[in-house]
Structures are given as C-alpha cells and as structure tokens.
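> Sequence:
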Amino acid sequence: MAMNRSLSTTDVEGLGHEDTLAKLVMQRNKRLRAEDLPPEFVKFKEEMRDLITTLIAPRTAQFREIKGKLQSIKDTNANIDSSILFYRSEQGTLQESGNPGSAS
Numbered sequence: 205m206a207m208n209r210s211l212s213t214t215d216v217e218g219l220g221h222e223d224t225l226a227k228l229v230m231q232r233n234k235r236l237r238a239e240d241l242p243p244e245f246v247k248f249k250e251e252m253r254d255l256i257t258t259l260i261a262p263r264t265a266q267f268r269e270i271k272g273k274l275q276s277i278k279d280t281n282a283n284i285d286s287s288i289l290f291y292r293s294e295q296g297t298l299q300e301s302g303n304p305g306s307a308s
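Just so we're aligned: the sequence shown equals residues 205 to 308 in my numbering.
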C-alpha cells in the first residue's frame, strides 16, 4: 500500500502568476473627500477658517490705512521736490541777472 501521489495538488505553471496583477498595481493614498472626513475634523477646519478670517480682517484694515498715509507722504515729498527745484531755478535766474554787490 504505497502511496505514489501527494495529497496536495501542485500547479507549477501558476505558482509565479497567481497575483501578478495585484503585485504590480499599488494602492495610492489619495486625499479624502469632504464627505469621507470625520465630522470633528470638518468642524475643526471651519473653526480654523473662522479664526484666521477674524485675525486677518483688522490687519487688512490697518494695511489700507497705512497705504493711504504712505501715499500722502509720497505726494508731500513730490511737492517738496518740485518746490526745491523751483527755488533753485529762481536762485539761478537771480544770480544770472547779476547781483550788483558781487560784480567787482
């Protein structure tokens, strides 16, 4: 009563090919959709968005105010520059017309 056959069936041809497609295709981690996120995380995101908006609003108003003041300073400086140029040209004209005390 010798047994010539093995109890297991061996498929030599299919050994290396059983899950070749599954081995070649990798699962990528994708970003979860909004409906897949936990409600706590969604609430946290909304709170953070509100907090940032609340913090940014006063800064935006301050920047607008500073921008207006800066433009006013630039305009004043431009007026000062034009006044200086005008007085220099007037001074040059007066010197060219001759100063009676300086011609010796």
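Calculated from the structure, these hints are not laboratory results.
The beta carbon of each residue, even a glycine, is placed where N, CA and C say it ideally should be.
Hints may contain errors.
Claimed, not checked - Distance windows between CB atoms, simulated:
1. I288 - E251: 51 to 57 Å
2. F248 - Q275: 36 to 42 Å
3. P242 - K278: 50 to 56 Å
4. K249 - I270: 30 to 36 Å
5. L274 - Q299: 48 to 54 Å
6. R235 - A282: 37 to 43 Å
7. R235 - D285: 53 to 59 Å
8. D240 - D279: 53 to 59 Å
9. K249 - E269: 29 to 35 Å
> Against each hint, give a clear statement of whether it holds in the structure.
Okay, the hints, checked on the actual structure:
1. Against the hinted window of 51 to 57 Å, the Cβ-Cβ separation of I288 and E251 comes to about 56 Å, which satisfies the hint.
2. In this structure, F248 and Q275 meet the distance hint of 36 to 42 Å, their C-beta atoms being roughly 41 Å apart.
3. A C-beta distance of roughly 52 Å is found between P242 and K278, which places it inside the suggested range of 50 to 56 Å.
4. The supplied range of 30 to 36 Å is met by K249 and I270, whose beta-carbon atoms lie about 31 Å from each other.
5. The hinted range of 48 to 54 Å is not satisfied by L274 and Q299, whose Cβ atoms lie roughly 37 Å apart.
6. Evaluation of the 37 to 43 Å hint for R235 and A282 yields a failure: the beta carbon distance comes to about 52 Å.
7. Range check, R235 to D285: about 56 Å between beta-carbon atoms, so the 53 to 59 Å window is met.
8. In this structure the supplied range 53 to 59 Å holds for D240 paired with D279, their Cβ-Cβ distance being about 56 Å.
9. In this structure, K249 and E269 meet the distance hint of 29 to 35 Å, their C-beta atoms being roughly 31 Å apart.
Checked against the numbered hints given earlier, the structure breaks hints 5 and 6 and satisfies all the rest.
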